[in-house]
Amino acid sequence: MSWLSRIFRRRELFNELAEEMREHMEERTEQFMREGLSRKEAARAARMAFGNSTLIEERSREVWQWPSLESIWSDVRYALRQLRKSPMFTITVVLSLALGLGANTTIFTFMNALLFLPPAVKDGNRLVEVMLRDAKHSGIEGYMPLSTPGYYQLRDHNHTLNGFAAFDGDPRPVSWNDHGQGQQVFGQLVSGNFFSMAGVTPVLGRDFAADEEQTGASHPAILISYSFWQRGLAADASVIGRVLVLNGTSYTIIGVTPPSFGGVVIGSRPDFWASLAMGPTLTRDPKLLSSAGSFWLFGMGRIKPQVSKAQVQADLDVVSNLIQHSNSHEKLEAAVFPLQLVPAPFRIYVTAFTGLLMAAVGLVLLIACANAANLLLARAMTRRREFAVRAALGAGRFRLIRQSLTESMLLALAGGAGGLALAHWSVPLLLSLKPVNIPVFVEAPLDWRVISFAFMLSICAGLVFGILPAVRAPQTEVSLALRDESQIAGRRRSRLRDSIVVVQITVCLVLLISAGLCVRSLFNARSINPGFSTHQVALAQLDPESLGYSKVQQKQFYEQLLERVKALPAIGSASLADSLPLGTNRSVHGIYIDGIAQSLDKDGIGVQTSSVAPGYFAAMGIRLLAGRDFVVEDSQPDTTRVVINEEMARRFWPNRNPIGQRFKDGEQSVEIVGVVTTGKYRSLGEDPEPFFYRPFDYASRGFLVVRGEGNTQPSLDAIRRVISALDPNVVPMDMESVSEYMALPLFAAHTTGVLLAAFGGVALLLATIGLSGVVSYSVSQRTTEIGVRMALGADRSTVLKQILGQGMRLIAIGIVCGLGVSFAATRVLAGLLYGIKPSDPLTYLAVSLFLVAVAQISCYFPARRAASIDPMQALRAE
Amino acid sequence: MRNPAPRDLFPGALEMMILESLRRQPAHGYALVQHIQQRSKNLLQVEEGSLYPALQRLLKAKLVKAEWGVSATNRRVRTYQITASGLSHLEKEISSFERMFEGIALVLNPGKTPAN
Numbered sequence: 001m002s003w004l005s006r007i008f009r010r011r012e013l014f015n016e017l018a019e020e021m022r023e024h025m026e027e028r029t030e031q032f033m034r035e036g037l038s039r040k041e042a043a044r045a046a047r048m049a050f051g052n053s054t055l056i057e058e059r060s061r062e063v064w065q066w067p068s069l070e071s072i073w074s075d076v077r078y079a080l081r082q083l084r085k086s087p088m089f090t091i092t093v094v095l096s097l098a099l100g101l102g103a104n105t106t107i108f109t110f111m112n113a114l115l116f117l118p119p120a121v122k123d124g125n126r127l128v129e130v131m132l133r134d135a136k137h138s139g140i141e142g143y144m145p146l147s148t149p150g151y152y153q154l155r156d157h158n159h160t161l162n163g164f165a166a167f168d169g170d171p172r173p174v175s176w177n178d179h180g181q182g183q184q185v186f187g188q189l190v191s192g193n194f195f196s197m198a199g200v201t202p203v204l205g206r207d208f209a210a211d212e213e214q215t216g217a218s219h220p221a222i223l224i225s226y227s228f229w230q231r232g233l234a235a236d237a238s239v240i241g242r243v244l245v246l247n248g249t250s251y252t253i254i255g256v257t258p259p260s261f262g263g264v265v266i267g268s269r270p271d272f273w274a275s276l277a278m279g280p281t282l283t284r285d286p287k288l289l290s291s292a293g294s295f296w297l298f299g300m301g302r303i304k305p306q307v308s309k310a311q312v313q314a315d316l317d318v319v320s321n322l323i324q325h326s327n328s329h330e331k332l333e334a335a336v337f338p339l340q341l342v343p344a345p346f347r348i349y350v351t352a353f354t355g356l357l358m359a360a361v362g363l364v365l366l367i368a369c370a371n372a373a374n375l376l377l378a379r380a381m382t383r384r385r386e387f388a389v390r391a392a393l394g395a396g397r398f399r400l401i402r403q404s405l406t407e408s409m410l411l412a413l414a415g416g417a418g419g420l421a422l423a424h425w426s427v428p429l430l431l432s433l434k435p436v437n438i439p440v441f442v443e444a445p446l447d448w449r450v451i452s453f454a455f456m457l458s459i460c461a462g463l464v465f466g467i468l469p470a471v472r473a474p475q476t477e478v479s480l481a482l483r484d485e486s487q488i489a490g491r492r493r494s495r496l497r498d499s500i501v502v503v504q505i506t507v508c509l510v511l512l513i514s515a516g517l518c519v520r521s522l523f524n525a526r527s528i529n530p531g532f533s534t535h536q537v538a539l540a541q542l543d544p545e546s547l548g549y550s551k552v553q554q555k556q557f558y559e560q561l562l563e564r565v566k567a568l569p570a571i572g573s574a575s576l577a578d579s580l581p582l583g584t585n586r587s588v589h590g591i592y593i594d595g596i597a598q599s600l601d602k603d604g605i606g607v608q609t610s611s612v613a614p615g616y617f618a619a620m621g622i623r624l625l626a627g628r629d630f631v632v633e634d635s636q637p638d639t640t641r642v643v644i645n646e647e648m649a650r651r652f653w654p655n656r657n658p659i660g661q662r663f664k665d666g667e668q669s670v671e672i673v674g675v676v677t678t679g680k681y682r683s684l685g686e687d688p689e690p691f692f693y694r695p696f697d698y699a700s701r702g703f704l705v706v707r708g709e710g711n712t713q714p715s716l717d718a719i720r721r722v723i724s725a726l727d728p729n730v731v732p733m734d735m736e737s738v739s740e741y742m743a744l745p746l747f748a749a750h751t752t753g754v755l756l757a758a759f760g761g762v763a764l765l766l767a768t769i770g771l772s773g774v775v776s777y778s779v780s781q782r783t784t785e786i787g788v789r790m791a792l793g794a795d796r797s798t799v800l801k802q803i804l805g806q807g808m809r810l811i812a813i814g815i816v817c818g819l820g821v822s823f824a825a826t827r828v829l830a831g832l833l834y835g836i837k838p839s840d841p842l843t844y845l846a847v848s849l850f851l852v853a854v855a856q857i858s859c860y861f862p863a864r865r866a867a868s869i870d871p872m873q874a875l876r877a878e
Numbered sequence: 879m880r881n882p883a884p885r886d887l888f889p890g891a892l893e894m895m896i897l898e899s900l901r902r903q904p905a906h907g908y909a910l911v912q913h914i915q916q917r918s919k920n921l922l923q924v925e926e927g928s929l930y931p932a933l934q935r936l937l938k939a940k941l942v943k944a945e946w947g948v949s950a951t952n953r954r955v956r957t958y959q960i961t962a963s964g965l966s967h968l969e970k971e972i973s974s975f976e977r978m979f980e981g982i983a984l985v986l987n988p989g990k991t992p993a994n
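Note that the protein sequences, when read in sequence, are chains A and C. Here the first sequence is numbered in the working numbering, starting from 1 and rising by one per residue. Here the second sequence is numbered in the working numbering, starting from 879 and rising by one per residue.
For reference, chain C alone in the conformation it holds in the complex (with noise of 0.2 Å):
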């Protein structure tokens, strides 16, 4: 079920996802599993290790706010939903990553310009 390298993601990226896929649509925990699996491709594997905490973390920042509901599938889920400051949070979260990648791309690639 794993990657063949599996690389550990740095910190705050797991949320900046999970706070992208909840501007695009309010989800639950496992809507959020595999969205960001199929947006990724298959390259990147959430782990439910990871996922939950990082959802009480991102609760505990008001930058979410969860809803118990009903879902499609007539469950019983809690739906997650990006909150005002998640969306301010989750802008200067991407420009300062984008930043970053940048630079990654430039020190990594001297001769190219970044795809952008």
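One chain only, chain A, in its complex shape (with noise of 0.2 Å):
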């Protein structure tokens, strides 16, 4: 009989029991009736020959019960007993266990919504991601999408795949005229197929027809999302038919996706859905279809079946072979992913990044679970007798250390459920950190591999924490322990003890030492000088192209613009630019100039460009140095005037004036006309880097600058209203304050910043809590001992000091070990900080002397009471 059907066939197998014994007793009761007595006489005495029939049926039956299950039962509920009875010890280490478990979990939310959520497609694992790789570049820079007609060629001519469709890498931001007002919304251009292909059915109307790819640009329809159906759309029960106007064109909606379906890409959630056959009309780019060297499409296959991904790599490297044979581009190979929401070749860098902060939270529970085993073991002192008490009625080695286990996996289990709590509660919290004006969307569920994580990590933590006081405790001697011999085995106890203790202060001095590094170079980025002010100015980004506007109508309107926004009350200036400094999108220029020698390479020195109007500087808080600002002639097509930043000028005409120079920005001669400051271009941390600025062009996606008068910021709302009253249909996008804007190049800086002094704030808690517990318990197991010293002539000073120097021993060992750790360790943290090295002597130095004095407050409050024991009174409690 197996244990499986033995568990079915228990019932039968007791209702068999019952009988028997039933029969037995009766046949008994005849016995004694042939013996001569009636039949109630007989009955009664049969009764009592059995005994307890109940109680046998029930030891029966154990027999055939899990008794370790069942006895494990009777362990929680001892040790749910034994932690109630002593609730501030349960508390403590339920509440450090807790935090940091909780900071584990967060993060793993975290991990879990980059790197391990499937995207919401069927048989997601058949699925494949094709992109392109150069081999030239390595890493992240040598991956590229497709091209259009790659796309197609790779489609047609593979034998692995049962369906190959296309997506655009990156949803657009397009306007949607919304009965005469603008809204931005972002739409994905994709294959015909994509949809079947991803195994989403449109919850309402239907999906692309597969020829829709090619003859959609006769009538353009989309698909649109759940979420934009609701929100946008007010849940229109009859919005399929309905035409929405998206950067001037009319298009039909046929179908509404899921809920679920968000796209398969980490961070865009497309509103809207269009087929490929309307890229060059949605991207106003006329050659987006035909064109082998704009590479901006990502494929997706699915496998046949019976088929290995290695062979679909190998399939796709003949056809990709092919296809730079007959448009004789670079080499570049196919390279073939699993499809996941963030693509394989970003991951690496995802998983760097929660990796480190993941092993910052790793410190951090390792400092909680060192709290949990000292506080077990502290318990554990006070415990002997019981565990004595229990070994000398027979309990096994064994069976004790199994009873401390539960003790402490319940301990774990109940911080874990409050770490989920916690990130329950944190992890939207962390969510709005993400500066508001980056169209990123990520959701982190707290779905079921975040559970079972939580879950594991508590077991885990429990075993770490538990095994150790589990396995000491029933060493005790038994004679020993209940003649309560304390000293004695308290000493090698307390050893133990204070390692754990001096690891704690070590790993709470890296964390401190690696908040302390980020936080500072959290302030030297912020103070680094951008070279443009921060404040007072208002950005907004117009595009009145996508709307149709031809160059005159723009030139019109931006002019218009600026006139009405410089008549708005308390505006100091206001201007227009095609880039904007620190921001996404940047052009570089290759230049000529006379006697320099000249680059190597044929393309010229390359050197960072923008275009701007007059009064940019001014709006942007940059100083002239030398010359003049642009004027509006200059904006003539045939301008041949530049203003130069002044590393440019120290670079190329070192102890010369550079106004009425001239250089080549490609063909044109163009001659120097003014000299600014330099800034900031690419990112906070880069070296003075040359850059000129051409002038504004008027024809093109612009962002307007406007800089309040005095100390006064702009009003968003009033520049918003002038633009909307100038035309209806004109979106502005990424409308906000120069300092909003910032929260862009500081993100990084930023939520190191905040989550590492966050973590070490934890650890300091922790460690505190430790280090105080160790001494005060150390403290009240030597209330003899300083009460013999005060009977002796001890005064309470010298009580102190004792106290206070065993507290400060332990931390100086930890100091010295962490001050090791710490320069070791925080060489990972080197790419992250701004203007500050990871072996910073000044932010080791106060970390150290913060956590000392810490520390110190700590151990005081426990040697107070050291020092206020009455000997007489410590004396006769013995």
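Where hints are given, some of them may not hold.
[As the list claims (entries may be wrong)] Each computed EDC-like pair below joins lysine to aspartate or glutamate, with the alpha-carbon atoms no more than 16 Å apart:
no.	chain 1	residue 1	chain 2	residue 2
1	A	555	A	633
2	C	938	A	16
3	C	943	A	16
4	C	938	A	12
Honestly, the hints are just simulated from the structure, not real lab data.
Two chains, each in its own frame: build the complex with the hints.
As structure tokens, this is what we get:
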């Protein structure tokens, strides 16, 4: 009989047993009746002879039950009773663990969202993502999307995929003319088979037809996302067939995707999907579909049954070789990855960043475990008698260890539950750290992976902090414990606890130093002068061309806009630029300067540039050092005037007046009319870079830059009103103040600074609890000793100094170890730090002193208690 | 109903006696109690409180098997029968018990050789 069928047969077994016992009793009754008793007397005698039939039945049943399971339950009940008896201990341990486990669960929730959550597609493990790899570059630089012709060739010539779809990697901002009001929405271009390949069926309407990708341009159609339907279209039940005007073209809504589907790439939540045929219209790039040199599509293929991913890779290698022969492009290979929310080439960066954070929270958990272990050890000492009595009564060593571990597990699981609650609260808080102006949408649900992670980690933590106290406790000599020779056993035990505290201080110092470095780096980054003023300036991105404005109309629009904005009250200056420093788009021009040895590259010397309208320098707070600003006349099409920055003047015309000098910007010879201060253009950490400004041509998308008068911040609402009065269809995108704009370049520094500071704070709190717990426990153990000393003449300050000295010794050892470990460990932070070395001595010194001070305070209170021991009482207690 | 100085059997003794009784002939619970009592000349009193858990243990270990049937007195009873593995288990137990008994006897009566 297998154990499984035994479970199902149990009831039958028990019924048989009951019947058997009844028959037994009956037989005995008859026996007694034969011996001359009446039936009633005989039944009574039989019952007496048989004994307690319920108990017998129960014990017979026990044979078939699981003794381990049932005794574990009794262990649990016993442990719960014990924990209830010392609530302070229980609360301290559970809170410590909840903090440690909560920090881990929080970071894991993000790791899960970024690395483990599968896209909401059908049979996602049979889907692959296809990109191109350029062997010339390494790392992420080497990967790029497919071109449209490349996609079609891979689709038509492969032999290993059951269908091959394509999607635009970056959803595009599109302006939606909603009854005369402009709104920004995001659209993703996809191949006609995209939804059927992903196994996504619209909840309303239909999917794209197979030929829509080719013929779609004649009758533009879109599918909309569920959330856009709810949010933007008020969940209109008759939405199918409705027409939306997007970037000036009318599109018919043919379907609504299910609520679970948010695209196949993390961070982007497209509001609508249009077929590739609409690409040139939507992006205003007429060559988008024909150019073999514009790489913008990600491939998504479904592997044929019985085909491996390696076979797909080999197959696509062959096909992509053919492509290269046909258009003689550089060496590009197909790269096949599993379809994941974060595409494979980017995963290493995500893994590195979340891994760093996981390491930090791992250390926090280590400190929390050390706390728990220490408190358990101290408690084991006070419970020595209990264990000794149980051992004397025959409880085996293993049984006692199991009992201790049960308690640790309960504590750990309670801590884990607390940690989950903490994560439930802290994950949304962390999500809100993301600058609002980044159009990235990350969902970090507390799903089953997070819950199992929290559960597994709790179990591991329970083992880590529980095993030592559990194994040490039953070792006590029974006779010794019963006689209460606490001093003898106490010494050895306290060495163990002392080393745990040293480890805590070490780990705490490492975390605090890392946090200190990141926080100082954040302040450094904040105080880096970006070369433009970060206050009193408002920005808005405008794209009138998307509404079909001609060049003349655009110029008119921009001129009227500047005029009206300048007329607003309390506006100092207003101007336009095609790109902003520290922004996401930048351009580099190759220039040639007479008399300067041409760089080896035939493309000239690469210098960054942007085009700006008159008044830009004043509006951005960039100081003019020599010459003049642009004037309106400079913006004529055949313009030849530029303004350069100080670094460019210093580098190319040293000790000469750059004003009036000429150089060639590509083919065109230009004249320098002004010099401005050098700023930061790509990142806050960069060294001074040469940069030149060209006049704005009033015929492209542009950033409006508005500066308030004096110290006033210009009103975003007033500017918005001006724009919509000019043309309600023009949607100002990314409308914000410069200080909001600066959140993006500061994001990495800000996040690591805030997170590590928070983890450092938690670590400090936990280590303080641990240290003060150990010191006060040792005080309580040494009450008699201190009493004797004081009776023999030691004064209070001597006792105080001695106890503080004991704490200091541990702190000092911990700090020395911590400094060493930090020196090695903080190297991994080097890439994240602005203007500070990982081995910055000032941070090390300041953080160490700070930790010493806090630790001293945490020792002071127990030491005070020791000093106030009344010798008479202490001795009487003996 | 009890002996003047009741003494617990050592672990496994009851199982051994049950198996020995069943080796001679299959029996149901009540008959086993009677049989052991008679064979021990009333020296051993088997309590139902021990018998039924012991029988369940033997069943679980597959040393005996049980079947419902009708007794000589025309009563529905569950008759136990020793299995092959029960037999070999019994032999092992008896020989180890005999060695132990021999040892105990030697210690208790150093002069005599044990009557075997």
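Hint check:
Using a Cα cut-off of 16 Å, the hinted pair residue 555 of chain A and residue 633 of chain A holds, with the two alpha carbons roughly 13 Å apart. Proposed proximity of residue 938 of chain C and residue 16 of chain A is supported: the alpha carbons are some 14 Å apart, at most 16 Å. For the hint linking residue 943 of chain C to residue 16 of chain A, the alpha-carbon distance of about 13 Å falls within 16 Å, and the restraint holds. A distance of roughly 14 Å separates the Cα atoms of residue 938 of chain C and residue 12 of chain A; the hinted pair therefore holds under the 16 Å criterion.
Checked against the numbered hints given earlier, this structure breaks none of them.
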